[in-house]
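Residue numbers (the working numbering), protein chains in the order written: chain C, 40 to 208; chain P, 40 to 208; chain F, 40 to 208; chain X, 40 to 208.
For the record, the hints were derived by calculation from the structure and aren't laboratory data.
All values reported here derive from a predicted model rather than from experimental measurement.
One thing to keep in mind: the hints can contain errors.
Remember, identical chains collapse to one label, so a pair may be satisfied in a single copy or spanning two.
Unchecked claim - Under the rule of at most 20 Å between Cα atoms (straight-line distance), these lysine to aspartate or glutamate pairs were calculated in the EDC-like manner:
(1) K61 / D142
(2) K61 / E107
(3) K61 / D110
(4) K61 / D138
(5) K61 / D170
(6) K61 / D74
(7) K61 / E163
(8) K61 / E184
There are 4 protein chains.
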Amino acid sequence: MRGRSNATMAQLRRPTYRIQMKTLDLMLRHHPRGDHQHTADYLEALNALEACAAACTSCADACLGEPENLDQLRRCITTDLDCADVCSVTARLLMRQTDAPNDLIHAQLHACVLACQLCAEECEQHAGMHDHCRICAETCHHCQERCNFLLGEISASGVADPESDTAVG
Amino acid sequence: MRGRSNATMAQLRRPTYRIQMKTLDLMLRHHPRGDHQHTADYLEALNALEACAAACTSCADACLGEPENLDQLRRCITTDLDCADVCSVTARLLMRQTDAPNDLIHAQLHACVLACQLCAEECEQHAGMHDHCRICAETCHHCQERCNFLLGEISASGVADPESDTAVG
Amino acid sequence: MRGRSNATMAQLRRPTYRIQMKTLDLMLRHHPRGDHQHTADYLEALNALEACAAACTSCADACLGEPENLDQLRRCITTDLDCADVCSVTARLLMRQTDAPNDLIHAQLHACVLACQLCAEECEQHAGMHDHCRICAETCHHCQERCNFLLGEISASGVADPESDTAVG
Amino acid sequence: MRGRSNATMAQLRRPTYRIQMKTLDLMLRHHPRGDHQHTADYLEALNALEACAAACTSCADACLGEPENLDQLRRCITTDLDCADVCSVTARLLMRQTDAPNDLIHAQLHACVLACQLCAEECEQHAGMHDHCRICAETCHHCQERCNFLLGEISASGVADPESDTAVG
């Protein structure tokens, strides 16, 4: 017995969410050289990327913990691992807004959209059997949308090539 | 002009937060071999770790974007980079709950508590000058607390050594 | 005095290189579902990616340790950090050869070629002043070449579209 | 046919190894604030860490590609994934030598020694069946030794506490 009541734990728990949401928001808004025109879009994408990286890492591990039919989850695990890695690095690039390299961000977002799409499609096939695959598929799908949306927004307002729209289907 | 009203953007924006919060929660609760006794504590720590990794990555970049006195932010940038890396990998280990290796999780949480403490102390010194350092210091401090709390909880309930408490000051 | 002679240290040191080279080579050759047609190309790219990720991490840190003119190294540090992250994740994807997703690997290699190119160009501008920038520029350049070469090889032999060549200039 | 002779490919291949070895060495030796007293030890550990991270990533993937008895490789895959992540982040911390935080480096090396030990022990159990597990076990074992050795060296010469020796069994 460590002397912590449930009430205390609930109190400790609640602020976390608020801090986390505010943290990303505040950091981007206080960035001395942030892309303040698109802060809301970056924030959307970043939240989706972090949720997706977490869901994929957890889904791969949950698959490995399934007592039966692990054979059928091989591809799900590998796409989870790829997607987690790609989302994590894409988030890091989006957070770096000092001298942000537009071409690289486009290319990395494009790779990320593909990773999310592949992982969503694979996880969907196991969604009926495993809740973790169902939730992961939804999270990947949402992340794919947010990254694709951001890709469109920053392409549409790009100085170098304002007419192009490289958003991926 | 890309024909998206603010209303649409607000609609797109709101679900993200809800999905992100629910995602981690749902993934842990649906994990076939999760440590369900401590789900709330893991969730707290994971949310704090992800916020801290993001804040540190963003703070390092914001420091590099400051127009003046970059010289004084060298150590802040390096502690930010270390803390971001350590928090990210600690989160990954905590998410893997299949055959979770207790000793390794303890050691990694211990390293993470130190990384957060060092980064909080360094960022606090620049909190009066830079809002990103102030927010980052608070986020590191919160993460240090949540990791330390989890360290205490899983030590207190450990099968191998139920009496030990390796929580770090 | 810890009682280790220089001779012992030299003995300890030498095998590392041999083990490291052999490790990647052996792992790929013993992979049950590896792309054995292109093992040499993957190995080249993987070695270059790991060297590049290490050089960029070290160059960013060395820049932060320079006693003078840190102002002029801002962009070098941010491109170093981006390039290190992108190379690390690209290497992870290339190492995963079970059900390797061709489209994703192409897109990630493409992003990596851009990251290396940007970082090589930026580091070259400081090569006359700082040896770490000079070495990092060479390493990035080499990595760009190896990733671009692999991109060409796997495109040329791709089942889905054998005639296409998406190698980047 | 892409018009590249085997001779050209061999020429392209050979320099990689040389560059990679020289890269880490040169970067540490040209670091303006590197721990030049221990460069050889850092170099040993860094080479071992990168080989180990690569071997573990590849071994996890090779396990997932094994046609039979995947069930028995669950724990091998999860320890591989943990070890790859911990080795990668430990290498990043060791490469950052500007204002290197001694306590954090000790704690992270300690966690890494545990990760390598766990993974070596698990992979050894499958070494008779799978070459990738055998090679991975050797690589983890070597990395554990090099990190433990570095831990002893930097503890022995630490300014703050020159008598302590925190090297792990």
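Results of checking the hints against the structure:
1. In this assembly of identical chains, K61 and D142 lie within 20 Å of each other by CA distance neither inside one copy nor across copies; the values are 29 Å within and 31 Å between.
2. In this assembly of identical chains, the alpha carbons of K61 and E107 never lie at most 20 Å apart, being 41 Å within a copy and 26 Å across copies at closest.
3. Taking the closest pair of Cα atoms, K61 and D110 never come within 20 Å of each other, the shortest separation being 42 Å inside a single copy and 29 Å across copies.
4. Neither within a single protomer nor between protomers do K61 and D138 lie at most 20 Å apart by alpha-carbon distance, with minima of 24 Å and 30 Å respectively.
5. With identical chains, the CA atoms of K61 and D170 are at most 20 Å apart between copies only, with a shortest distance of 13 Å across copies and 29 Å within one.
6. In this assembly of identical chains, the alpha carbons of K61 and D74 lie at most 20 Å apart only when taken from the same copy (18 Å versus 28 Å across copies).
7. Taking CA atoms no more than 20 Å apart as the test, K61 paired with E163 passes between copies only; the shortest distance there is 18 Å, against 32 Å inside one copy.
8. For the identical chains of this complex, K61 and E184 are inter-copy neighbours only, at 18 Å across copies versus 22 Å inside a copy, given an alpha-carbon limit of 20 Å.
Hints 1, 2, 3 and 4, counting from the list given before, are not met by this structure.
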